[in-house]
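Visitor: Here is how the chains run, residue by residue.
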Amino acid sequence: MSISSVLLKALVGGLAVVGFSLIGHGGHPKRFAGLVSAAPSVAVASLAITVVLKGADATVPYAQGMLIGSAGMVAYCLASLYLIERLHALVGSILAWLAWLLVAGGLYVALER
Amino acid sequence: MEGRRLLEDDREPVGFDWARLASVKPADLGLRFGFGAVIALLASVAGTLGGPRFGGLFLAFPAVLPATLTLIEKKEGTTKAWADASGGTLGALGLGAFAVTTVLLLRWNPAAALLLALLAWTVVSAGLYFLFRASGLFLRQDRLVSKARS
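Protein chains in written order, with our numbering: chain P, 1 to 113; chain V, 1 to 150.
No lab work stands behind these hints: they were computed from the structure.
You may find that some hints are simply not true.
As the list claims (entries may be wrong) - One-sided excerpt, in silico: chain P residues whose CB lies under 10 Å from chain V:
(1) L7
(2) S46
(3) D57
(4) A110
Claimed, not checked - Label-pair distances were calculated between CB atoms; the ranges are:
(5) V:E12 / P:I3: 41 to 51 Å
(6) P:I3 / V:K147: 39 to 49 Å
(7) V:G50 / P:G19: 43 to 53 Å
(8) V:W18 / P:L87: 16 to 26 Å
(9) P:I23 / V:K74: 14 to 24 Å
(10) P:L53 / V:A112: 11 to 21 Å
(11) V:L7 / P:L53: 29 to 39 Å
Glycine is no exception: its CB is placed at the ideal position from the N, C-alpha and C atoms.
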């Protein structure tokens with residue numbers, strides 16, 4: 001993959017995150033706005049560019065990996081709910097990455113065997 | 001977590017306040033752009049080094065959430081950050097629906113598949129939100145997870 005395509009993904013991914021975060025910022029109540037926190041912002045940008053550059057067949061495995069990652073995302077959000085109240089947002093939400101790593105990493109290793 | 005504040009917030013009607021967008025600081029947007037760009041970069045590099053399925057894992061990595069939750073806590077308090085993460089859980093289930101739709105339909109028609117996948121995310125996450133809101137499941141979830149047991 002060329003450097004320009006990687007940089008294009010980074011640019012479009014960053015812009016997609018900004019777009020979705022603005023939707024979340026204006027939305028209310030907070031729980032409803034929070035849905036956007038787990039929006040497929042980077043995914044839709046990255047998958048679209050991969051389809052254009054490599055075709056649909058080469059993009060499907062990325063989506064399959066994303067499906068595994070989304071299980072980790074659910075675990076992350078549940079763990080962050082538990083940890084934010086006890087350790088505050090910064091520490092709690094960073095520590096919750098371990099839940100993503102355990103679930104997404106564990107499923108990936110188990111399924112790739 | 002302040003149960004009463006959470007309850008008041010939950011009772012707000014669902015909507016979008018355009019005026020709130022004026023209060024967004026460019027620095028906050030820059031931070032989110034940075035996190036988004038880095039995770040897209042990471043997914044690309046991981047895909048090149050470890051294979052596309054491994055790279056795909058990072059398309060569902062919660063890179064932006066720590067920044068988002070920390071900013072919300074700083075400006076609006078821990079209860080609002082908690083509420084955001086609570087909604088994020090349902091959004092994450094929608095993310096699974098996005099991925100399933102993409103896997104199933106991408107070879108048929110890539111553009112339509114991505115649009116339908118976005119629709120699947122919207123329907124599943126918003127549908128679960130309204131289900132949780134109407135049935136009182138949010139309250140049960142709060143009681144289960146919160147140390148305040150409110």
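Visitor: Okay, which hints does this one fail, numbers in order?
Guide: Hints 4, 7, 8, 11 are the ones this structure does not satisfy, whereas the remaining hints hold.
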